[in-house]
Each structure stands twice: as C-alpha cells, then as structure tokens.
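Undergrad: For the protein sequence lines, the chains are L and V, in the order given. Okay, so the first sequence: first residue is 144 according to my numbering, each after it adds one. Okay, so the second sequence: first residue is 144 according to my numbering, each after it adds one.
In short, the hints are calculated from the structure, not lab data. This one's a predicted model, so the numbers in the text were calculated from it and none came from an experiment. Don't take each hint at face value.
For chains that are exact copies, the list does not tell them apart, and a pair is met inside one copy or across any two.
[As the list claims (entries may be wrong)] Pairs of lysine to aspartate or glutamate residues, derived as EDC-like cross-links and limited to a Cα-Cα distance of at most 20 Å, are as follows: (1) K342 - E315; (2) K369 - E227; (3) K237 - D313; (4) K342 - D313; (5) K342 - E314.
2 protein chains.
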Amino acid sequence: MSELQIGFLVYPGVIQLDVMGAFQVLSFPACTQVHLIWKTLNPIVSNEGLTIAPTVTLSTCPPLDVICVPGGGIGQIEMMKDPEILNFLRQQSKSTQFVTSVCTGSMILAAAGLLQGYQATCHWAFRDQLAMLGVEVLPQRVVIDRNRVTGAGVTSGIDFGLTLLGLLFDEEMAQITQLMMEYAPVPPFNAGTPETASKEVVASLLQFGQPLIDTFLTQTRETAQKFNLNVDSEGALLLEQ
Amino acid sequence: MSELQIGFLVYPGVIQLDVMGAFQVLSFPACTQVHLIWKTLNPIVSNEGLTIAPTVTLSTCPPLDVICVPGGGIGQIEMMKDPEILNFLRQQSKSTQFVTSVCTGSMILAAAGLLQGYQATCHWAFRDQLAMLGVEVLPQRVVIDRNRVTGAGVTSGIDFGLTLLGLLFDEEMAQITQLMMEYAPVPPFNAGTPETASKEVVASLLQFGQPLIDTFLTQTRETAQKFNLNVDSEGALLLEQ
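Working from the sequences, and respecting the hints, build out all of it.
TA: What follows is the structure in structure tokens.
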C-alpha cells in the first residue's frame, strides 16, 4: 500500500494538544506519513510556548489524503483571514479523502468556506460562533458528515483521531492503536464540560477566557459578513433566506 | 506567587504524547513554567518522528518543583543506562516537590533508583518489567505514593497531569484546566486495555510490539542486576531477602 498522506496545519499560537493527540493516533500505522504544514520551515511557537518544527510548506506539501486543521489561541484570528492559508485549504480539500479539524480549527475551515452546508463540532465555548458562520453545529465530541470529520475541544483530538483511523482503515486498526496508547481514560474529576463542571469552575474559566472569546467574536462577525450571513447585535445567526 | 518550575525530560525516541498530554495540562496555570530538558538544545526526534526543541540543558535546568520522565520507544534503553541522565534525575529528585513519570518513564526512574520501595504504575505491557526493578506495581492509571506520582500508558498523561495539578494547587484549578481542555473523553472503541480489547487486537499489538518488549527485557535484567535483584529465567522477580 502506498503511504497515506496526512497533513496538519500548524501556525503560531496553535494549541499543541489539538495537534499532538491526533498526531499520535494517526502516525501509529506504518503506512501513514504525517506532515506538519506551515508557510515556511521555520519553527513556530504554540499557544503554550511549545516550539513546533513544520515538516513541509504550503508549496512543498504533497497532495493530501487527509487535511486536518487544529484550533489556536489568539493566533487563530490571523489564520481565519489569511487568504494564502484559506486558499491552501480550499485547494487541498478538492482532492482529499477527508477534510477535518480539531477544536476551533473548524472555524478556520468555515472561514475557508469548507463547512457551510455541513454538520460539524467545535470547542464548547465557541459553538455559537461556529454556527454564526453558517455551519450546522452538533454538540458532539466527534461529528462525521460525508467527508468532513470534526472534533470538539482539545483532548477530543484523540477521540477524533481514533474515529478517523477507523474510517481510513478499519476498526481493528483503530483498536490496536487505542490499546497501544492505553486509551482507557479515567478523568480524576467530572469537569470536562460546562454541563458537568460546577458553576464556580465554569465562571472562573469564562472570566479568564472572555477576552479571547470576544476577540474571536469580532473576527467571526467579519467572516460571517463575507459569506453574506446576517449576524444580529446579540450575535445570533439569522441565515439569509 | 513565584513560578512553579516543572521539567520534562525529553530524549531521542521519547513518545511525544507521553509529554504533550501532561504538558498541556501543566502549562495552563499562569504561574507554572514548563521546561523540556535534554543534554543540549539541539532538537531531538520523538518515536513518532516529531521534532522537539529542548528549552534547557541538564546543566542550565533550574531546581525543579516537579520532575517528570516520559516513556519512549527503543530510545528509552539508552536513558536507562546513561549515568549522566540517571545522575541528573537523582540530583533533581533530592529537592523536588514531586518525582513523576508517564508510561515507561517509570522504568527510567527505577533505573535511577528512585522508585524502589514505592508503589507506581507503567504502560500495561511493561508492568512486569517495572516489577522486576523492585517497584511495587499497581495496575492503576495513576498512582500516588508519597511524593511519587506515576501514570500508566501514553494517554494516561492527561489523567496524571490533572491529578498532579490537583495536588500542586487545588481541585478547582485542575477542574478549570479540565474544562478548558474539554476533557470529557468518549473513546469510540473499548479497546484501551488488554482486558477490554478483543483477543485478536491484543495479539496483533503484541506481535507488533514483541521486538521492543524483548529489547526492553534485556535492559531491565541488566538494570535489575545492578540493584542485586534476582530475576529468574522466566523473568519473574525474586526479591532479595
């Protein structure tokens, strides 16, 4: 079998675990080749301060079987309005087997016009913003709609990766990978979603994250306008009829 | 509050998600500084082909509050017999608040003499080898014994990281981090342990992994001999009375 070409977009401010959870899964089969794609080969710095070395550039990236876009912190804003990046995603997506994302990476896919008319998911704190971009958002951890496969927040990249591996190969390959990674999670707390976390925990995180959410919202409105999507003053989506 | 100094040993052949799961957790609080430690600042390549840039060397690493040793593929063998690395771990461990590991990193801690007399855990496929090094192995995902905190295989680094964050700060900080990472896992299969995976899946992975397990076993026997631990021909542990 020729190698399956899988590419993750990386960029300054990317959330490293959005990439690395799925990277670990998808790089396990001997017949996959996983690329980290950026404009240059110069190392970029993640949202957490991790240095990530791209392995191919936009121009040297081979035609991909899977393109995956991870989410980011404030650095993601630049990706949502960068014509070079959005055009790269559109071009690759014409021939890939799967167009995918983890976390708020789905907002970049939507900014490229690649998720409108599809069901998708996103980090819980940004699902309303993904909906503002004309995407049918499902509150699930992994959403498959035709050849679009999207994951929810950060750690969902592992669930996403295993699901995708099952689609690319078969369930046995995905299960062998899961066993290798000993993925039998036992979270020490039950605070992984706003529905299960305490009010105090949700409030603390939202207070911390509000500046980021607000900055994203400004960009989301601008992107929505490009698609002639009406967004009212409350941020709710009024789809053009 | 002065910054909490947290250091991960990295090395050629390290399993990247052993590091990156816990890295994502432990780098979230504003008051932690997370280091990636190696002999030089030259990038190293993980078991999966990821380039990782160390941030400090053995000699420039500050006194740590937490030292964490991740597991590796074949590259781990070198760490288990490298006096410079083992000595660094022993020196740092004298003053750290917590001595920790993810996956087979506990075998490196044991090779440094830092887990004998403690309860600890390890990737499921190597628990018998960790026991051969004189460690009381518990088949748990995270084990806390005094100031030793160890995680099981690869993805357990997330459970480990959240548990440790709860110990370093409080449960609320750990829960806020869990919510940010949307850690409410939904594995698409139930194959994360040999007990829950099908016999075929276990057999396939063990067949694939047997050369690595055998190579580890040779090193484990050598390390056990250094500690005057008797290991019989079947590999079972006969602790010196």
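Undergrad: Which holds for K342 with D313 at a C-alpha limit of 20 Å: within a copy, between copies, both or neither?
TA: between (41 Å within a copy, 16 Å between copies)
Undergrad: For K342 and E314, with the copy left unspecified, which applies at a CA distance of at most 20 Å: within, between, both, or neither?
TA: between (38 Å within a copy, 14 Å between copies)
Undergrad: Could you figure out if K342 and E315 sit no more than 20 Å apart (CA to CA) within one copy, between two copies, both or neither?
TA: Result: close only across copies, 11 Å inter versus 40 Å intra.
Undergrad: How would you label the pair K369, E227 (within, between, both, or neither) given a Cα cut-off of 20 Å?
TA: Intra 16 Å, inter 58 Å, cutoff 20 Å: intra-copy only.
Undergrad: Should K237 paired with D313 be assigned to within, between, both, or neither, using CA atoms and 20 Å as the limit?
TA: neither (24 Å within a copy, 48 Å between copies)
Hint 3 from the earlier list is the only one contradicted by this structure; the remaining hints agree with it.
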